[in-house]
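Engineer: Listed below are the residues making up each chain.
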Amino acid sequence: MLFDPGWAAHLLLLAAEEAAAAEAESGGLFDFGGTLVLQIVNFLLLMTILSAVFYGPISRVIEERSEYIRSNAGSAQRRFDEAKALADQYEQELRTTRLEAQQVIAAAEAEAQKIRAQQLAEAQREAQERIAQAQADLDKQKQAALASLSGEVEAISRTLSEKLLSDSARRF
Amino acid sequence: MELALATLGNQPLIAAVEVGKHLTWQLGPLSVHGQTMITTWVVMLLLIGLTFIGTRKLQRVPSGLQNFLEYAYDLLASIARNQIGEKQYRSWVPLIGTIFLFVLFANWLGQLPLRLFHIPEGELASPTNDINTTVALSLIALVSYIYAGLRKSGFGYFKHYFESPILAAVWVLEFFTRPLSLSIRLFGNILAEELVVAVLILLVPILVPVPLMILFLLTGAIQALVFSTLTASYVGEAVEDHDDHH
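As given, the protein sequences belong to chains D and Z, one line each in that order.
If you read the first sequence in my numbering, its first letter stands for residue 623, the second for the next number, and so on.
If you read the second sequence in my numbering, its first letter stands for residue 4, the second for the next number, and so on.
Hints are computed from structural coordinates only; laboratory data are not their basis.
Here the structure is a predicted model, which is why all the values come from computation and not from measurement.
C-beta: ideal position from N, C-alpha, C; glycine also.
Hints may contain errors.
Quick partial rundown of chain Z residues pointing at chain D, CB under 8 Å, derived from the structure [unchecked claim]:
| hint | residue |
| --- | --- |
| 1 | Val35 |
| 2 | Leu50 |
| 3 | Gly88 |
In the SDA-like style, the derived pairs of lysine to any residue whose C-alpha atoms are separated by at most 25 Å in a straight line are [stated by the list, open to error]:
| hint | chain 1 | residue 1 | chain 2 | residue 2 |
| --- | --- | --- | --- | --- |
| 4 | Z | Lys162 | Z | Ala195 |
| 5 | Z | Lys90 | D | Arg687 |
| 6 | D | Lys736 | D | Val726 |
| 7 | Z | Lys155 | Z | Lys60 |
| 8 | Z | Lys162 | Z | Leu142 |
| 9 | Z | Lys162 | Z | Asp77 |
| 10 | Z | Lys162 | Z | Glu177 |
| 11 | Z | Lys90 | Z | Arg154 |
| 12 | Z | Lys90 | D | Ser673 |
| 13 | D | Lys706 | D | Asn694 |
| 14 | Z | Lys60 | Z | Asp77 |
| 15 | Z | Lys90 | D | Lys785 |
| 16 | D | Lys785 | D | Ala766 |
| 17 | Z | Lys90 | D | Glu689 |
| 18 | Z | Lys90 | Z | Lys155 |
| 19 | Z | Lys90 | D | Ala674 |
| 20 | Z | Lys90 | D | Arg720 |
| 21 | Z | Lys90 | D | Ala777 |
| 22 | Z | Lys60 | D | Ser688 |
| 23 | Z | Lys90 | D | Lys736 |
| 24 | Z | Lys60 | D | Val726 |
| 25 | Z | Lys155 | D | Asn694 |
| 26 | Z | Lys90 | D | Gly773 |
| 27 | Z | Lys90 | D | Lys706 |
| 28 | Z | Lys60 | D | Gly678 |
| 29 | D | Lys706 | D | Arg720 |
Stretch-level coverage of chain D by chain Z, calculated; a stretch enters the list once three of its residues show a Cβ under 8 Å from a Cβ in chain Z [unchecked claim]:
| hint | segment |
| --- | --- |
| 30 | 651-663 |
| 31 | 686-698 |
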């Protein structure tokens, strides 16, 4: 016997009754034997059965769930990326269109400016022309007036001198 | 061995503590402790029944018992993962988990009033109360981590035995002390718990043992955790990469 059966009794100050006969048969605390072998078998059996009904199915369902979550998260991410790409594309198009509009406006303004300058120049030229024409007409009329005036002056002075001459002849 | 409260005149015997008495069954050449077998089978039936019922209709969104079992699986897997490592813990979860569950249920079963069920010889108690059970568990642990080491590095697993004669003695010593300490720790703790409860019930049958019994629920769980964590740690040591040490 490895184990002295009296220790607990003395320690606890309780009356100890040794069942010597039973001791001899059962072998006490450190009785190794068939129980050890059967417990190994029991444990291996338990492990096998639990693998089949517990660890296997539970780990499988956990694995499937995380796979499901992963794939869902992946597709969500993909959709998010797609949406983002579309938004970027629209943004890009919007920028381009705005740029084009600005270009169109600038071109139209430039055109308008050109037309305005052209018409202004035209109008000025026309006005200049008309002024020159008017000036020329005026000059011509002035020349004609001067010419006719000088003719008249000659005639009047002739008449005047004839008259004066005839008057003096008569007196003398 | 039997301790009996045979005091105070001729009061009837109200309780007794029996240690080391066995209900012996003769199965062929094997002589088996019947009370240990019975409680072991109860533990096995409980575990198998619980997990069998809980895994009947597994759903993606767990509820009820499936939820609980997944939580339990997570706990067991985390014991294995912490000691063995992310890479190869998966195949060891059944061993570590079964050790934990078996020891836990066995320890807790011992806290039930099993004395109410009479058997011809000895008494029903926690299976881990029998050193055969704890030695069986520690032998399984020993074989497991030696197998893990051999599979990982072949005979090189025993290389460290031959590196230095002084250390070799330590390694050989360790080879024996590991299973010895595993089995004796569990056995001693559970036996002591049952003795304490039994003696207290002898002295004061009412209320006084209850806080201790609640404490022993805790220590029973801790013993299960210690046994499975140590086994996982030995396995982890056997399968870890030794390259960074040399």
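Engineer: Go through the numbered hints given earlier and state which of them the structure violates, listing their numbers in rising order.
Structural biologist: 3, 4, 7, 9, 15, 16, 20, 21, 23, 24, 25, 26 and 27
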